[in-house]
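S.K.: Sequence:
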Amino acid sequence: MDGKAVSSWLYPTNMPVRDYQFNIVQKALFHNTLVSIPTGMGKTLIAAVVMVNYYRWFPEGKIIFMAPTRPLAAQQQEACTKVTGIPYDDQISFFGTSVPPAKRGEYWVNKRVFFCTPQIVEKDLKSGVCPGSAIVCLVVDEAHKATGNYAYSVVVRELVSMKATFRVLALSATPGSRREAVQEVVSNLRINRIEIRTEDSFDLRRYTFQRQIDTLVVPMSGAADQIRRQFVDVARPMVMRLKDAKLIYQDSLEFLTPFMVHSVRGKLRDSGMNHFYGDVAALHKMALMYESLVLHSVREFYQEVQGLPDWLRGPNAKPPKPLVQWTMSQGYRDFVASLRKMVIEDRDFVSHPKLVELEKLVLMHFTDAAEALGAKAADESKVIVFAKYRSTVEEINQLLSKHSPLVRPTTFVGQGKAKSGEKGLNQREQLAVLQRFQRGGYNVLVSTSVGEEGLDIGEVDLIVCYDSSQSPIQMLQRMGRTGRKRAGRVVLLLAQGREEGNYRKSQSSYKNIQSFINKGHA
Numbered sequence: 001m002d003g004k005a006v007s008s009w010l011y012p013t014n015m016p017v018r019d020y021q022f023n024i025v026q027k028a029l030f031h032n033t034l035v036s037i038p039t040g041m042g043k044t045l046i047a048a049v050v051m052v053n054y055y056r057w058f059p060e061g062k063i064i065f066m067a068p069t070r071p072l073a074a075q076q077q078e079a080c081t082k083v084t085g086i087p088y089d090d091q092i093s094f095f096g097t098s099v100p101p102a103k104r105g106e107y108w109v110n111k112r113v114f115f116c117t118p119q120i121v122e123k124d125l126k127s128g129v130c131p132g133s134a135i136v137c138l139v140v141d142e143a144h145k146a147t148g149n150y151a152y153s154v155v156v157r158e159l160v161s162m163k164a165t166f167r168v169l170a171l172s173a174t175p176g177s178r179r180e181a182v183q184e185v186v187s188n189l190r191i192n193r194i195e196i197r198t199e200d201s202f203d204l205r206r207y208t209f210q211r212q213i214d215t216l217v218v219p220m221s222g223a224a225d226q227i228r229r230q231f232v233d234v235a236r237p238m239v240m241r242l243k244d245a246k247l248i249y250q251d252s253l254e255f256l257t258p259f260m261v262h263s264v265r266g267k268l269r270d271s272g273m274n275h276f277y278g279d280v281a282a283l284h285k286m287a288l289m290y291e292s293l294v295l296h297s298v299r300e301f302y303q304e305v306q307g308l309p310d311w312l313r314g315p316n317a318k319p320p321k322p323l324v325q326w327t328m329s330q331g332y333r334d335f336v337a338s339l340r341k342m343v344i345e346d347r348d349f350v351s352h353p354k355l356v357e358l359e360k361l362v363l364m365h366f367t368d369a370a371e372a373l374g375a376k377a378a379d380e381s382k383v384i385v386f387a388k389y390r391s392t393v394e395e396i397n398q399l400l401s402k403h404s405p406l407v408r409p410t411t412f413v414g415q416g417k418a419k420s421g422e423k424g425l426n427q428r429e430q431l432a433v434l435q436r437f438q439r440g441g442y443n444v445l446v447s448t449s450v451g452e453e454g455l456d457i458g459e460v461d462l463i464v465c466y467d468s469s470q471s472p473i474q475m476l477q478r479m480g481r482t483g484r485k486r487a488g489r490v491v492l493l494l495a496q497g498r499e500e501g502n503y504r505k506s507q508s509s510y511k512n513i514q515s516f517i518n519k520g521h522a
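When we follow full-length UniProt numbering, the leftmost residue of the sequence shown carries the number 1, and every step to the right adds one.
Hints are computed from structural coordinates only; laboratory data are not their basis. Warning: the hint list may mix true and false statements.
In silico DSBU-like cross-links for lysine-lysine, where the CA-CA straight-line distance does not exceed 35 Å [what the hints assert, rightly or not]:
#, residue 1, residue 2
1, Lys423, Lys318
2, Lys145, Lys82
3, Lys163, Lys82
4, Lys423, Lys341
5, Lys145, Lys285
6, Lys145, Lys388
7, Lys341, Lys360
8, Lys243, Lys267
9, Lys111, Lys123
10, Lys111, Lys4
11, Lys126, Lys82
12, Lys126, Lys103
13, Lys388, Lys318
14, Lys243, Lys321
15, Lys243, Lys285
16, Lys145, Lys103
17, Lys145, Lys123
18, Lys341, Lys402
Using the sequences and the hints given, assemble the complete structure.
M.R.: Set out below in structure tokens:
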């Protein structure tokens, strides 16, 4: 420790000083702190200031910034360097296999500031390559992931077992979806102070812009509703068999969630009715497929139905007899054929009423912007559409591409393969897409959850959430992409019924968690 340096701490004055950031930094320098502030309100600056002070105070100490993905870690390195001015010669970033272990050993000795995924840090601590005792500051981005045996939790446990003395700064838009999850994050990261702000907090309110949040409830209709009713009829015999056995009380797939069906398995074990296991497994699969249909799209549902025979023959499958029988029936073949005719052969088929509303919203956004602000300003406006499934992202992209050049969409997806076998985007390709979107080459980003967490996507005027989530973390991350530097709008497309309920639960859960933390229970 540098005795002279530690008598003071630095805060940048080359940018506007925001009270809430200054106050949080003041606490985070001297306490293991969980910082929960809305997306886009400057968590990175808080981290950078804490890091640069530990860099000054401990000339021999190591500082680690951990982020869950390579693009996020790389982005944070760039942002932190701009704020702190820490020399690049003292920094290094590790991602996956980008640097071999032997070379990493050299860097752990010679460098001082590290930007890594947590899996790399975990591996190097366990192998002895990383000198745990030298670590003085650990920054954990997207800290809500620090549950169970996720690498964040393991890294902290390893450092504690080495008797390392280090400061923890944990960052998250919201630390968890449930009270138990919040407490687990706090315990796993050895947090002893929580600094939480919402958009209504007195010291943050004046830095936020108006964000209009609209919910649009969309009833099932047309061909999609016809398919839904057909599938409900197909599942009815399986539903009634379990109802007659008093294992469930609903008489239609419409009123059953996958969780409700899954919970029946416990009843089977307790009541000695294991001969119903196949029926329950079959109905659980059908409940999942039904959700794909009513919440997402007929195309996603078609992929599920068409892939059933392969799923039943899978290496780890225990084929439920009722489902096997259905896939071998003429009724199944007719059902798949009718779906194929709609989804594959009809180029104009729109596979969910929400897609119709989405198309209207995006077109209206750009035409209204052109009328109100002029063609140039409208051309610079940006939209993000979030959807859960890769197939839905592709379908939305195709739908909006018809309106080029007014609408210039692109997809933003993870690295894994889609069900169709199509490759995802590697991390370099993801960064290239984001850069082109920021520069205006694209004006609509159609994204899976990979676009929700942390990445600096730039200023966005409209967010459309094609599907809702019961997770308040996911919903907050989506909404936080607009209203950062100017007023923005969020539109939630909710399928009537089940998805409406999911959204209400997420809102209620978020309020409960905020109240729980603010009362000091965590």
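S.K.: Hints broken by the structure, by number, lowest first?
M.R.: Structure breaks no hint.
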